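J.: Single-letter residue listing:
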Amino acid sequence: MAYSKKVVDKFENTLKNPEKFNVGRFDPKDGDVGTGMVGAPACGDVMKLQIKCKQEGNQHIIEDVKFKTYGCGSAIASSAELVEMLIGKTLDEAKEIKNKDLAEVLELPPIKIHCSVLAEDSIKQAIEDYESKQ
Amino acid sequence: MSKSKPIYLDYASTTPVDERVAEKMLEYMTFNNNFGNAASRSHSFGWQADEAVELARSHVANLVNCDPREIVWTSGATEADNLAIKGIANFYKTKGKHIITSKIEHKAVLDPCRQLERHGFDVTYLEPNEGGVITSDAVKEAIREDTILVSIMHINNELGTINDIASIGELTRDNGIFFHVDAAQSTGKVNIDLSTLKVDLMSFSAHKTYGPKGVGALFVRRKPRVRIEAQIHGGGHERGMRSGTLATHQIVGMGEAFRLAKEEMKSDSEKVTEFHEYFLEEVKKIDEIYINGDIQNKVPNILNVSFNFIEGESLIMGLKDIAVSSGSACTSASLEPSYVLRALGRKDELAHSSIRFSFGRFTTEDDVRNTLNLLSNVVERLRELSPLWEMHLDGIDLDTVEWQAH
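Here the protein sequences come in this chain order: P and R. Here my numbering is used: position 127 in the first sequence is 117, and no number is missing along the way. Every number in my numbering is 840 more than the matching position in the second sequence, counting from 1.
Source of the hints: derived by calculation from the structure; they are not laboratory data. All of these numbers come straight from a predicted model, not from anything done at the bench. Positions of the beta carbon are idealized from the N, C-alpha and C atoms, including for glycine. Please note: incorrect hints may appear among the correct ones.
[As the list claims (entries may be wrong)] Below, in silico cross-link-like pairs of lysine to any residue (SDA-like), each with a Cα-Cα straight-line distance of 25 Å or less:
1) P:Lys(-5) with R:Tyr848
2) R:Lys1187 with P:Lys(-5)
3) P:Lys(-5) with R:Leu1214
4) R:Lys1160 with P:Glu97
5) P:Lys42 with P:Glu97
6) P:Lys(-5) with R:Asp1161
7) R:Lys1187 with P:Ala30
8) R:Lys845 with P:Ser(-6)
9) R:Lys845 with P:Tyr(-7)
10) P:Lys56 with R:Ile1236
11) P:Lys56 with R:Glu1220
12) P:Lys56 with R:Gln1244
13) P:Lys10 with R:Asn1217
[Said to hold, decoys possible] Label pairs and their in silico Cβ distance ranges:
14) P:Lys6 with R:Glu1122: 55 to 65 Å
15) P:Asp17 with R:Val1030: 51 to 61 Å
16) R:Arg1013 with P:Ile101: 24 to 34 Å
17) P:Glu94 with R:Gln1244: 19 to 29 Å
[To be verified] Just so you have them, the derived chain P footprint on chain R, three or more residues with Cβ under 8 Å:
18) 860 to 871
19) 1211 to 1223
All chains, full assembly: derive it from the sequences and hints.
T.: What follows is the structure, given as structure tokens:
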């Protein structure tokens, strides 16, 4: 399996410096936090994504993001990449992020497109969770 | 990170050719050396090649204590497995159509069996016990009146577990059933004595024992006589069992590798036993690890470990300067986790998180120590990243979680 340099770098940097790359967790019970968890251990990948938002006017803006991912190198790289895309975006903008965007940025091989789909699902779920609390 | 060569701990996958072997092989290729066709009976070029081939044959026979005339050269263990299984099935198909093998065999055995199923044969795939061993009792229970062949590997390539081929052999011989053993992982690791083992066919590979890739052999017993139908035709070489001009340099390489294996089995084995003990002791200090395969009944050169809550491919990526294999689906073309680990009854997630370390002749103490250091560091970091580890620490039983599989 040949990964692009981008996947390898993202993976290695995240591993080396987890805090800088937003590895961690928020309290899922907080009102300004939305949590999404997708995948299954038996399938080999689980992504947990948490967004922390603030309201400005009638817009909700993603202030901060934390994630944890169990999975192959590209699953970890996909989540780390997604997290960077999310910070500072409004929820409406975040909803527009598609797996294709991630797959393109990371140059994922076809067999790993699945990882980017999982990442897209995790943000959808996190937004749903956040919106249900408002 | 230094630019030095990665550490190689994947000897069960393939081994480097021993320099002494490579040197011998070079003597059988060019015009200034011996390039003859062993089948040429009319000149010295052919005679010399034939002599080299027969000497190599005796080295192979010598390692496993059989008659050189019982050794048939093939292109590798895969071809030897195919020749044994299809060869017996096709020759003796009027006697019966039932074959017994196991779920933890190499694909080189499983796929020919599947192929025979498509041609009307009936195959029983035995389950290993929890320790990854196929017992003779399991074989006994599966025997039917129309069973013609039992094919069970000697040492499992993923786990290193050893099957009791001596007692299975007694059983098959008593029942008039042919017994084939894939011994690709055995040569140079454990003693094989075909004068006492009731094995009828045994497959060997050169490249797992410091010989070249592309050559192997099949032992075909003469007494009591075993007959097989050839699978490759074209000249009747190897007493009609395997046609094709013999690859003299490859065969010479295999012969020399097996000669050295006999000479160095003891020292090779002592060394890897030490590494194995050290590695095991250190790896056990890491939380939530599982050794796959019965530790009491395996070879020391292979050690298969599952690191719970970490996916194997990411672990391999984290250990980028170390060459190892994983049972993770992500490292296989099929996207299925190791069928061997699943056959042991391991949960899929533990199969996904397994790494096979295999040591060999050129492994050094530094290799082992550096690997262990890096390993504990990367495991810790990946667990820091793992939501499963976090849940585990929170006391959540992962089996009770409703996952969104997709």
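J.: Within 19 to 29 Å or not, the Cβ separation of Glu94 (chain P) and Gln1244 (chain R)?
T.: The hinted range 19 to 29 Å holds for Glu94 (chain P) and Gln1244 (chain R), with Cβ atoms some 25 Å apart.
J.: Given a hinted range of 55 to 65 Å, is it respected by the beta-carbon distance of Lys6 (chain P) and Glu1122 (chain R)?
T.: With a Cβ separation near 23 Å, Lys6 (chain P) and Glu1122 (chain R) fall outside 55 to 65 Å, so the hint is violated.
J.: Measure nothing beyond the straight line between the CA atoms of Lys56 (chain P) and Ile1236 (chain R); if it is 25 Å or shorter, mark the hint as holding.
T.: holds (20 Å)
J.: Check whether the Cα positions of Lys56 (chain P) and Glu1220 (chain R) lie no farther apart than 25 Å.
T.: holds (19 Å)
J.: Is the hinted pair Lys845 (chain R) and Ser(-6) (chain P) satisfied, with a Cα-Cα distance of at most 25 Å?
T.: Roughly 21 Å between the alpha carbons, so the hint for Lys845 (chain R) and Ser(-6) (chain P) holds.
J.: Would you mind confirming whether the straight-line C-alpha gap from Lys(-5) (chain P) to Tyr848 (chain R) stays at or under 25 Å?
T.: holds (23 Å)
J.: Is it true that the CA of Lys(-5) (chain P) sits at most 25 Å from the CA of Leu1214 (chain R)?
T.: holds (22 Å)
J.: For the pair Asp17 (chain P) and Val1030 (chain R), does the Cβ-Cβ distance stay inside 51 to 61 Å?
T.: About 56 Å separates the Cβ atoms of Asp17 (chain P) and Val1030 (chain R), which means 51 to 61 Å holds.
J.: Taken at face value, is the distance from the CA of Lys(-5) (chain P) to the CA of Lys1187 (chain R) at most 25 Å?
T.: violated (33 Å)
J.: Is the Cα-Cα distance between Lys56 (chain P) and Gln1244 (chain R) 25 Å or less?
T.: holds (20 Å)
J.: Can you tell me if the stretch 860 to 871 of chain R counts as covered by chain P, using C-beta to C-beta distances under 8 Å and a minimum of three residues?
T.: n = 0 at 8 Å, threshold three: violated.
J.: Run the distance test for Lys10 (chain P) versus Asn1217 (chain R): straight-line Cα separation, threshold 25 Å.
T.: Roughly 18 Å between the alpha carbons, so the hint for Lys10 (chain P) and Asn1217 (chain R) holds.
The structure fails to meet hints 2, 5, 14, 16, 18 from the earlier list, while all remaining hints are met.
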